[in-house]
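**Student:** Heads up: the sequence lines are chains A and B, in that order. Numbering-wise, full-length UniProt numbering puts 97 at position 97 of the first sequence, and it's gapless, one number per residue. Numbering-wise, full-length UniProt numbering puts 203 at position 203 of the second sequence, and it's gapless, one number per residue.
To be clear, the hints were calculated from the coordinates, so they are not data collected in a lab. Glycine included, each C-beta is placed from N, C-alpha and C at the ideal position. Be careful, since some hints might not be right.
Unchecked claim - Just a sample of chain A residues kept apart from chain B, beta carbon distances all over 12 Å, derived:
(1) L59
(2) R94
(3) V132
(4) V133
(5) G169
(6) A177
(7) A200
(8) L217
(9) R231
(10) T295
(11) L350
(12) S390
(13) H397
To be verified - Here are some of the chain B residues that sit facing chain A, going by a computed Cβ distance under 8 Å:
(14) G138
(15) Y186
(16) E188
(17) A189
(18) T192
(19) L193
(20) G194
(21) A195
(22) L198
(23) T199
(24) L208
Unchecked claim - Stretch-level coverage of chain A by chain B, calculated; a stretch enters the list once three of its residues show a Cβ under 8 Å from a Cβ in chain B:
(25) 79 to 86
(26) 150 to 158
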Amino acid sequence: MTPRAEHAPEHPEAQGPADAEGPAGRTGTTGTTGTTDTATGPADGTAGTAEAALDARLLVERAGFRLDLTLTAAPGEVIALLGPNGAGKSTALRALAGLLPLTGGRLRLDGRTLEDPRQHLHTPAENRPVGVVFQDYLLFPHLSALDNVAFGPRCQGRPKKEARAEAAGWLERMGLADHAGARPGSLSGGQAQRVALARALAVRPRLLLLDEPLAALDARTRLDVRSQLRRHLAEFEAVAVLVTHDPLDAMVLADRLVVIEDGRQVQAGTPTEIARHPRTDYIARLVGLNLYQGTADGRRVTLADGPVLATTEELTGPAFVAFPPSAVTLHLARPESSARNVWQLRVAGLDLHGDQVRVDLTGELPLAADLTPAAAAELDLAPGSAVWASVKAAQTHAYPA
Amino acid sequence: MSTRTGARSVPAGADGPSPGRPRRRRAAARLPVTLLLPALLGLAFLVLPLVGLLVRAPWSALPEQLTSPEVWEALRLSLFCATAATAVSLVLGVPLAWLLARTDFPGRRLVRALVTLPLVLPPVVGGVALLLVLGRRGIVGRWLDSAFGITLPFHTSGVVLAEAFVAMPFLVISVEGALRAADPRYEEAAATLGASRLTAFRRVTLPLIAPGIGAGAVLAWARALGEFGATITFAGNFPGKTQTMPLAVYLAMERDPEAAIALSLVLLLVSVAVLVGLRDRWMSTP
């Protein structure tokens, strides 16, 4: 099965990088899936080291906690670290930023070793080509939005005038030209988030780190900011790593998810792969989402290669449609129901997770469905069998991409 | 918020009365007499002397008293020395506060205790100690005298030193409180933007704790202005050179009580102005 072009991670607007990184990302995925098993031992990237911009094994040991995470990424790739609170996501991010020293492992970026405890090498945060968007942004309250963004270029030794002109350019790109003189206290959550992003990008980082970039926003702003952030991440040519506990943010924003629990990677792969083949019950619950990208016209979203999904939201233009696997009903014959989203599909795989069976379906619209074991038995599902799948429009959720 | 912590950590009577006042008044209504009576007595004890000062003030002779060259000289010297002592405290005290609040080194608690010692040490003892170290025959003073010809005691610079010795702990404690209240993650954010620790301190931390520094500086200045014991021990009592206002008041008390009252009134006025300034500018702003 070829990966679907309509799926979130493939950014159509990021032509060059997306194409170049597409296959690399996929080999990278199998690479990292492999490292799940070897995460305890030395796991040197064997396949994609030549093109890996980020090549890290983060080992941080503290009393009662151990983080051991291998991360590799190609230029232009966006990786989401997904996991419950206390899993070690933020620790990993702080280690990448240089705010927390590694106790073992190594960190290489663009072929340059930034940290290697065995050689007593630790590049301090201020000397790393890294930009960070903090969870609560940490915009300097005594500086205007413009001076916040100009802070990085100034620290890199640019003359004041030049730094401010550059900062003004970044703010304009973020649609914030009118707020250049505003103090952070008078900015809305969404605006503050964009200033924080502009500030991090203004140092021209080779590694962009985002700590729960949308967590501080209310639900309404979140949609807007998420789609803007997605565009900016797609344009960003270096590696981006974002930490989130929200699977939807992760699936929309990232090319690849790394799910961590108790300081260790439990699964890694594209959002689609993980949603179809969750390795643990936790991941099945966490990343239980069918997500598609297409073009909306009223209450219909047409996906890139044909299928049309009926939704309840009125939208026009690029859009995402999402629905949980539990919203899918499977039938042996074409259902006579009112559901307008009906497709004939083929079972590709079955996995038991807790009290649910997750069915991986391929065909016109590949999707994951959750059934009770009883229902699965009744339908006599087995890999290869043909079924009809239906989803009520009311159970889908569409929003602008 | 940082300002409030900063101001509050200073033990002197600088607590802003505004935040808790209504609650306190309600509580007073239910207080038993056994507590209320000594409380009122205590209040009277603190306020009456000041009232007495106002009542006994030679109001008619006041303009003449205050324009006499001796008073003017003492006032000018006091203001100059207190300001210079505050400047010394700022230059040395802010980095010291940073060291105490932001770094962790062995013996940090001991250093902190030593820094605050002048707060509780009788100022005269401070003056004697200064004399032993920086006096013409002191451990450091001897060397300063022979190598550079610098003599600190019984000189205006000695007044500044004595006042700074007594006043700096106020500033250090206030700034340290402000630093502890300021989010250190701002410094981390600055570091990720390429700022060295010094740049982060100068461009991010200092502006963030500016209100705390301001409050600390005012308290230190007020303390320096009223300094008596260390000054008279270390710097002596030479009119125009080391005789500050408190020294002039003490001396005048024997010769010319009216002049002493006039001088005291000036100091009282300055103190009230400092309190009002602190309250309005730092303690009521969140």
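**Student:** Next, verify each hint and record whether it holds.
**Tutor:** We went through each hint and held it up to the structure:
In this structure L59(A) is separated from chain B by more than 12 Å, as the shortest Cβ-Cβ distance comes to about 21 Å. Separation of R94(A) from chain B is inadequate, the least Cβ-Cβ distance of about 8 Å not exceeding the 12 Å criterion. A Cβ of chain B approaches the Cβ of V132(A) within 12 Å, the least distance being about 4 Å, so the stated non-interface status is violated. Non-interface call for V133(A) relative to chain B: violated, since the shortest CB-CB distance, roughly 10 Å, does not exceed 12 Å.
For G169(A), the requirement that its beta carbon stay farther than 12 Å from each beta carbon of chain B is met, with the minimum near 17 Å. With a minimum CB-CB distance of about 21 Å to chain B, A177(A) clears the 12 Å threshold, and the non-interface call stands. The beta carbon of A200(A) sits about 8 Å from the closest Cβ of chain B, which is not more than 12 Å, so the claim that it is off the interface is violated. Chain B leaves L217(A) outside its interface by the beta-carbon criterion, the shortest separation being 19 Å against a cut-off of 12 Å.
In this structure R231(A) is separated from chain B by more than 12 Å, as the shortest Cβ-Cβ distance comes to about 23 Å. Against the 12 Å criterion, T295(A) stays outside the reach of chain B, whose nearest CB is about 38 Å from its own CB. Even its closest Cβ contact with chain B, about 46 Å, leaves L350(A) beyond 12 Å, as expected for a residue assigned away from the interface. No beta-carbon of chain B is positioned within 12 Å of the beta-carbon of S390(A); the least distance is around 49 Å.
Residue placement check: H397(A) keeps its beta carbon more than 12 Å from all beta carbons of chain B (closest about 35 Å). At its closest, the beta carbon of G138(B) sits 43 Å from a beta carbon of chain A; the interface hint therefore is violated under the 8 Å criterion. Of the supplied interface hints, the one on Y186(B) holds, with its beta-carbon coming within about 6 Å of a beta-carbon of chain A, less than 8 Å. About 5 Å separates the beta-carbon of E188(B) from the nearest beta-carbon of chain A, less than 8 Å, and the hint is met.
About 4 Å separates the beta-carbon of A189(B) from the nearest beta-carbon of chain A, less than 8 Å, and the hint is met. Look at T192(B): its Cβ gets to within about 4 Å of chain A, closer than 8 Å, so that hint holds up. Interface hint status for L193(B): upheld, as the beta-carbon distance to the closest one in chain A is roughly 4 Å, under 8 Å. At its closest, the beta carbon of G194(B) sits 4 Å from a beta carbon of chain A; the interface hint therefore holds under the 8 Å criterion.
Because the closest C-beta pair between A195(B) and chain A is about 5 Å apart, less than 8 Å, the hint holds. Violation of the interface hint for L198(B) is found here, the shortest Cβ-Cβ separation to chain A being roughly 10 Å, above the 8 Å cut-off. With a cut of 8 Å, the hint placing T199(B) at the interface with chain A holds, because the nearest CB-to-CB distance is about 6 Å. Because the smallest distance between the Cβ of L208(B) and any Cβ of chain A comes to about 7 Å, under 8 Å, the interface hint for this residue holds.
A stretch counts as covered by a chain when three or more of its residues have a beta carbon under 8 Å from one of that chain; for the region 79 to 86 of chain A and chain B the count is 0, and the coverage is violated. Closer than 8 Å: that is the beta-carbon criterion, and the region 150 to 158 of chain A has 4 residues meeting it against chain B, so the requirement of 3 holds.
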